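Q: Listed below, chain by chain, are the residues.
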Amino acid sequence: MFDDRTPIYQQIAARLKQDILDGTLAEGDQVMSTNQYATYYRINPATAAKGVHQLVEEGVLHKRRGLGMYVTEGAREKLLAQRRDRFFTEMVEPMAAEASLIGVPLADVVRHLEELENQKRRMR
Amino acid sequence: MNPGTSVHEQPENLVEVDDLRVSYGDVTALEGVSLTLEANKIYGLIGRNGSGKTSLLSVLAAFRRADAGTVRVEGRDPYEDADIVSRVCLIRESGDLPAAKIRQIIGLYRELRPNWDQELADRLLRRFDLPAGRNVSKLSRGMKSAFGCLLGLASRAPLTMFDESYLGMDAPARYIFIEELLRDYVEYPRTFIVSTHLIEEFGRLFEEVLIVDKGRLIVHDTVDSLRERGVSISGPAELVDRFAMGLDVLGEQVLGPTKQVTVYSHPTDDLRRQAKAAGLELGTLPLQDLFVHLTTRPERNPS
Chain A
1 MFDDRTPIYQ
11 QIAARLKQDI
21 LDGTLAEGDQ
31 VMSTNQYATY
41 YRINPATAAK
51 GVHQLVEEGV
61 LHKRRGLGMY
71 VTEGAREKLL
81 AQRRDRFFTE
91 MVEPMAAEAS
101 LIGVPLADVV
111 RHLEELENQK
121 RRMR
Chain B
1 MNPGTSVHEQ
11 PENLVEVDDL
21 RVSYGDVTAL
31 EGVSLTLEAN
41 KIYGLIGRNG
51 SGKTSLLSVL
61 AAFRRADAGT
71 VRVEGRDPYE
81 DADIVSRVCL
91 IRESGDLPAA
101 KIRQIIGLYR
111 ELRPNWDQEL
121 ADRLLRRFDL
131 PAGRNVSKLS
141 RGMKSAFGCL
151 LGLASRAPLT
161 MFDESYLGMD
171 APARYIFIEE
181 LLRDYVEYPR
191 TFIVSTHLIE
201 EFGRLFEEVL
211 IVDKGRLIVH
221 DTVDSLRERG
231 VSISGPAELV
241 DRFAMGLDVL
251 GEQVLGPTKQ
261 VTVYSHPTDD
271 LRRQAKAAGL
281 ELGTLPLQDL
291 FVHLTTRPER
301 NPS
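So the sequence lines, in the order shown, correspond to chains A and B. Position one of the first sequence corresponds to residue 1 (UniProt numbering), numbered consecutively onward. Position one of the second sequence corresponds to residue 1 (UniProt numbering), numbered consecutively onward.
Be aware that a few hints might be false.
[As the list claims (entries may be wrong)] Derived lysine-lysine pairs resembling DSSO-like cross-links, with alpha carbons at most 30 Å apart:
#1 B/Lys41 to A/Lys63
#2 A/Lys78 to A/Lys63
#3 B/Lys259 to B/Lys276
#4 A/Lys50 to B/Lys41
#5 A/Lys50 to A/Lys63
#6 B/Lys41 to B/Lys214
#7 A/Lys78 to B/Lys276
#8 A/Lys63 to A/Lys120
#9 B/Lys101 to B/Lys138
#10 A/Lys50 to A/Lys78
#11 A/Lys50 to B/Lys101
[What the hints assert, rightly or not] Here are the in silico distance ranges between beta carbons for each label pair:
#12 A/Ala96 to B/Gln274: 56 to 64 Å
#13 B/Gly256 to A/His53: 43 to 51 Å
#14 B/Thr258 to A/Ala96: 53 to 61 Å
#15 A/Asp19 to B/Pro236: 54 to 62 Å
#16 B/Gly256 to A/Arg111: 33 to 41 Å
#17 A/Glu57 to B/Glu38: 22 to 30 Å
#18 A/Val56 to B/Ala171: 50 to 58 Å
#19 A/Val109 to B/Asn49: 26 to 34 Å
#20 A/Lys78 to B/Gly283: 45 to 53 Å
#21 B/Gly283 to A/Val56: 25 to 33 Å
#22 A/Ala14 to B/Tyr188: 38 to 46 Å
[Said to hold, decoys possible] Sample of chain B residues at the chain A side, in silico, Cβ under 10 Å:
#23 Tyr24
#24 Gly25
#25 Asp26
#26 Val27
#27 Glu31
#28 Phe206
#29 Ile218
#30 Asp221
#31 Val223
#32 Arg227
Derived from the structure by calculation, the hints contain no laboratory data. Only a predicted model underlies this, so the values are computations on that prediction, with no experimental measurement involved. The beta-carbon is built from N, C-alpha and C at its ideal position, and this holds for glycine as well.
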């Protein structure tokens, strides 16, 4: 369920973000309690709380007193913006570096991506 | 803490140990151990065989007396505390139980333990598949261990300690133990100390980790911070050496022109940037590797 390379609270936070991005959790939805997280994933409740707290700080979740944690309105847009910011530095640039290292021209990369896109269009 | 105001208040720290020494004849099991444990957290106690884990737990449970230093559990010396059994429960590895039927021992605990939960005990009997009518001396090692886990959980003592209690239990039984411990902990928060060397499997259960080595406490940290502190640096030998200078190096490996060193330090973003700029690779160390490195390094020069 979790890998041993990054702190588990960061993995909890990443998982929650993914759930919000792909719509599993909608804005206004209630999030599992940290105790539910703890028993479900067999992790320390403090670890789960730390992951949830990170998302509160980022303005993605908010607490309703006595009720629990909820997904904030506008959370999805915020996460999309975050991902777009990182997309070029974290995904495109390493790919371009690898392409140049192994001698794949960028034009080939672009052509490949366009072909994939065309295939997808024909499938629809 | 102000001693004048603490009399009627619950001590904020459940366990306070200062400069503890435990020895058996000429052999020193623990030396200069000081630690403070807050209430309602799950602690992992990690160490190699013979490192002093059991001695520490035995002192906290009043199974034996400190040879020097002070020990306080809920503000009292456990060894002088007639009521200790209602507050502290230590389950030692299998083989520590009287030769009686499971049902009889449960009856004994029910009388002895003020917070005993029979419902939980019944559920664990079922989940661990334990035969209540069988004599403990006839149980397999794994079953004895599982029964010990049952007794420790159902006792619901404010300070509950498991000393390698999982020995001989198979993976499904260990998973049940971890699951039931967490389930009961979130409902009835209390303090657990779980000693183990299965740090990968139990690591995520812990909030904080204590590592003892050769009778000394060498690490007391949160699991997350510990996980971030074990870093490997690899690249061309010369660059790696220059980079690792001044860092706490735990170990090194050379493979042809490349070298990998393991350092014990919290990598700052700055350090990460520098490493990247120098063309070095930074990696995180699994907890188990970090534990092995920390407990196998040669004695450091006191210079």
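Q: Please go over all the hints and tell whether each is borne out by the structure.
A: Status of each hint after checking the structure:
no., hint, result
1, B/Lys41 to A/Lys63, "holds (23 Å)"
2, A/Lys78 to A/Lys63, "holds (18 Å)"
3, B/Lys259 to B/Lys276, "holds (16 Å)"
4, A/Lys50 to B/Lys41, "holds (14 Å)"
5, A/Lys50 to A/Lys63, "holds (14 Å)"
6, B/Lys41 to B/Lys214, "holds (25 Å)"
7, A/Lys78 to B/Lys276, "holds (29 Å)"
8, A/Lys63 to A/Lys120, "violated (41 Å)"
9, B/Lys101 to B/Lys138, "holds (9 Å)"
10, A/Lys50 to A/Lys78, "holds (20 Å)"
11, A/Lys50 to B/Lys101, "violated (44 Å)"
12, A/Ala96 to B/Gln274: 56 to 64 Å, "violated (23 Å)"
13, B/Gly256 to A/His53: 43 to 51 Å, "holds (45 Å)"
14, B/Thr258 to A/Ala96: 53 to 61 Å, "violated (25 Å)"
15, A/Asp19 to B/Pro236: 54 to 62 Å, "violated (42 Å)"
16, B/Gly256 to A/Arg111: 33 to 41 Å, "holds (38 Å)"
17, A/Glu57 to B/Glu38: 22 to 30 Å, "holds (23 Å)"
18, A/Val56 to B/Ala171: 50 to 58 Å, "violated (35 Å)"
19, A/Val109 to B/Asn49: 26 to 34 Å, "violated (55 Å)"
20, A/Lys78 to B/Gly283: 45 to 53 Å, "violated (31 Å)"
21, B/Gly283 to A/Val56: 25 to 33 Å, "holds (30 Å)"
22, A/Ala14 to B/Tyr188: 38 to 46 Å, "violated (31 Å)"
23, Tyr24, "violated (34 Å)"
24, Gly25, "violated (39 Å)"
25, Asp26, "violated (40 Å)"
26, Val27, "violated (35 Å)"
27, Glu31, "violated (30 Å)"
28, Phe206, "holds (6 Å)"
29, Ile218, "violated (21 Å)"
30, Asp221, "violated (12 Å)"
31, Val223, "holds (7 Å)"
32, Arg227, "holds (5 Å)"
The structure fails hints 8, 11, 12, 14, 15, 18, 19, 20, 22, 23, 24, 25, 26, 27, 29, 30 (numbered hints given earlier, in ascending order).
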